[in-house]
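A.B. asks: Here's the letter readout for the chains.
Number of protein chains: 4
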Amino acid sequence: MMDEISVRFLDCFKKDLNNPVFIEGLPGIGQVGKLVAEYMIHVLGAEKVGEITSIYFPPQVILDEKGLARLVRNELYLYQSGTRDILFLVGDHQSTSGEGHYLLADCYCGIAEEVRARRIYTLGGFGVGHLVNEPRVLGAMNRPELRGEIEAAGVTFQRDDSGGAIIGAAGLMLALSAQREMEAVCLMGETSGYIVDPMAAASVLAVLSKLIDVPVDPTRLNDRASEMEKAIEGFVESEKMKDEELSYIG
Amino acid sequence: MMDEISVRFLDCFKKDLNNPVFIEGLPGIGQVGKLVAEYMIHVLGAEKVGEITSIYFPPQVILDEKGLARLVRNELYLYQSGTRDILFLVGDHQSTSGEGHYLLADCYCGIAEEVRARRIYTLGGFGVGHLVNEPRVLGAMNRPELRGEIEAAGVTFQRDDSGGAIIGAAGLMLALSAQREMEAVCLMGETSGYIVDPMAAASVLAVLSKLIDVPVDPTRLNDRASEMEKAIEGFVESEKMKDEELSYIG
Amino acid sequence: MMDEISVRFLDCFKKDLNNPVFIEGLPGIGQVGKLVAEYMIHVLGAEKVGEITSIYFPPQVILDEKGLARLVRNELYLYQSGTRDILFLVGDHQSTSGEGHYLLADCYCGIAEEVRARRIYTLGGFGVGHLVNEPRVLGAMNRPELRGEIEAAGVTFQRDDSGGAIIGAAGLMLALSAQREMEAVCLMGETSGYIVDPMAAASVLAVLSKLIDVPVDPTRLNDRASEMEKAIEGFVESEKMKDEELSYIG
Amino acid sequence: MMDEISVRFLDCFKKDLNNPVFIEGLPGIGQVGKLVAEYMIHVLGAEKVGEITSIYFPPQVILDEKGLARLVRNELYLYQSGTRDILFLVGDHQSTSGEGHYLLADCYCGIAEEVRARRIYTLGGFGVGHLVNEPRVLGAMNRPELRGEIEAAGVTFQRDDSGGAIIGAAGLMLALSAQREMEAVCLMGETSGYIVDPMAAASVLAVLSKLIDVPVDPTRLNDRASEMEKAIEGFVESEKMKDEELSYIG
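Chains as they are written, first to last, in the numbering used here: chain H, 85 to 334; chain F, 85 to 334; chain G, 85 to 334; chain E, 85 to 334.
Honestly, the hints are just simulated from the structure, not real lab data. Treat the hints with care, since some could be wrong.
[What the hints assert, rightly or not] Quick list of the computed label-pair ranges, beta carbon to beta carbon:
1) G/M312 / H/S90: 56 to 64 Å
2) H/H126 / E/R227: 23 to 31 Å
3) F/G213 / H/E197: 49 to 57 Å
Keep in mind that this is a model prediction, so the values were computed, not measured. In this text, a Cβ means the ideal position worked out from N, Cα and C, and glycines have one as well.
I would like the entire structure built from these sequences, with the hints used as guidance.
C.D. replies: The structure is reproduced here in structure tokens:
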């Protein structure tokens, strides 16, 4: 029988990292976490060091533009600098079952522990159900003493719904890493939840970059966010005009 | 691989209890069992002694008002007195799968056996689909000889549907504890099933308090029940007035 | 962890049976198999010898009229005579999952093998989607050479749909017992599929009684079937009258 | 407990094959893969050498026209010639669960590895949502260097949707065989996805026959495709006439 979850590191990968943090950016609400992590991997030139496959992922393969097939997977990318290494977790999908969510999130925490990550950052969107002009970044963490530092970086904890829940890896990793005595912080960009949202991603990137003290040039993500903002404004404008036309008729 | 079910007792917890009973009050119909158990924990000043987490719970974390994340969990609280100790089981959720329901309920029975509980009480609501003025408490048990004692405490066994079923932990614990040769009783407060129901909870509390011979001041639960009763009366009254107005029109 | 499937025989049960057959009558289409097996148990005075519980059954307990709770279960009943013993399998429910269906059906075949059953009979309904006046009994088996004997007992193999499938224990036991080199026959009474159907059950009983050479007084089942037949005729008649009345209006 | 997946080879089967390829043609979109593989088995006179059953298949038995029951299964057929042996995988169903899809596909790859297959071909339909006049054959593979050879045989890689996914065994076997260092190619005939499609199957057969260098007389499959083509033309024609009639009325 094949393993339920399989983690493969590339031979190049040495687990002895320099002051590392672990950043999770898997698919989720508004694809916010995915956008941030993949953008950082691209801009920082992080290199792929590992792959995770699992029977809890959807039972399909993904084709590249040349017709080459590969399993649905999650990937690990490593960025190394003189002062701060980053291990990124990105990928195609999260688990299709509740039990798989737990087992995979615990596996991810195990990897973070193995590389002795100083902290885990999980990234996501915070769906509010309407368009957001200046998306805030909401926070959660697994130790109360982390809050001051996070707030100082511009994160808010004022949710309209008191309490609340975080579903999937971004949430579970907070709690499962606590059992391994690791620090973890979740950053969630406010988003409508209806679209892939680079604006929310730009907000999260700004905060995260400050927190991990690794400068990341946000230009291209901001450009993409501006384009989307204009597109949405155009759409809203045209909807308003339709309403006005209708009121002439009425 | 992480455990499917994980039980953690706090260090303070000594399993050598004094004439103990085990009270289950997990979420369910009308949240009746949850209301009763949490109220008793509060009024009696019971202390937390353990936690249960499981891959069969929903795959999410719950945030407190400060943004601190924790796994979905069930909790154990202990009340100790000179004559009667009580171990309470309360929590966020029940299992998301049928198989998980069985495995968790059996785990709970194992805990009750470990502390040598004299009896298990499982609490719940009995949904009747309409508002109930003076909710009765219906009973079920895992040994026929328990019935007399339960009836004497004010519990009725006259269900409109003969037979019937009890779904989830409140039901399964009755039967799975029988296999461990433990006594178990289920108390269900009549409730519409549409709302969180403190009136049904107050009825269950009165009976349970008598059965375990532990006085619990019901004042605040009764107050909450009275408030809801008035709110409902007001609502029903205003609906009637609408009907009368409509009959003038008609 | 509790067992996925648990089989408990009563102490009174001796597995050394006399020329035994195994009869499965679990819930299914029109409850036909259940009606036949439970009727035979009642009329023949078969005695309970075992119980099967499983995490693949629905996660609930069933209450008797006195409020006594028990797990959802399947039961084994034994009828003993000078020439032919019968082990009956009846119960509350079948599996809630596909995997559970396989594991339970294989467990049932294991029991039949353990008592060295000469043959397994699985009973069920054959849903045709409309009322049936004189329900035929359709057959299936796990060895071609059994067909002649079954047809001689009044079973037909002329299905309107060539081929077809049998879902659940009644089907799986045919195939899984073949792997244990046991004979198995499935008898299906034609039924609308909309109602609990004693007429279909009476047809199956007549055939089965002949095949196992155990006379079973069918009077009370036939009476129940007649009553239902009259009730249905009355209903059909009244519907016709409504149609006629409508045609007067039209 | 029965095995989750069970593979049984007939005694006649010797695993020492001559230059073998493995061809998967399980049920899927337009039943294209199934049509091709079953047609080849028939025309080449391949012989059955094995069976696979699993608790991940639907929990039912399938009856033949004589009432003989068998488990839902997948089957292995072997064609042997002087220069090229072929092991075919065909069957009734694929897995009912995501996890089962992975475990079964990995099991199939294990069989291909066991017989030292030079290459795996997985066959399927490529659903386009509309009728296709001259169905193309789209390709995917698990090694980039295979593309040239496949294109030379008439396969296209120009999908309207760049990238994309292949669900089920036809996809998973590509990726899971790569982990065993085996070559694998997927051939997908364009099909509406609404009907069992012999036209798409004929296109796939032509390409596959060339790739494996085993001539397969396509006459009867082409005949069936022509018949269906005419039936569809007739249908489309009659629909057009209805439209014209309607336009006279209009």
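A.B. asks: So, for every hint listed, does it hold in this structure?
C.D. replies: Against the structure, the hints come out as follows:
no., hint, in the structure
1, G/M312 / H/S90: 56 to 64 Å, "holds (58 Å)"
2, H/H126 / E/R227: 23 to 31 Å, "holds (27 Å)"
3, F/G213 / H/E197: 49 to 57 Å, "holds (51 Å)"
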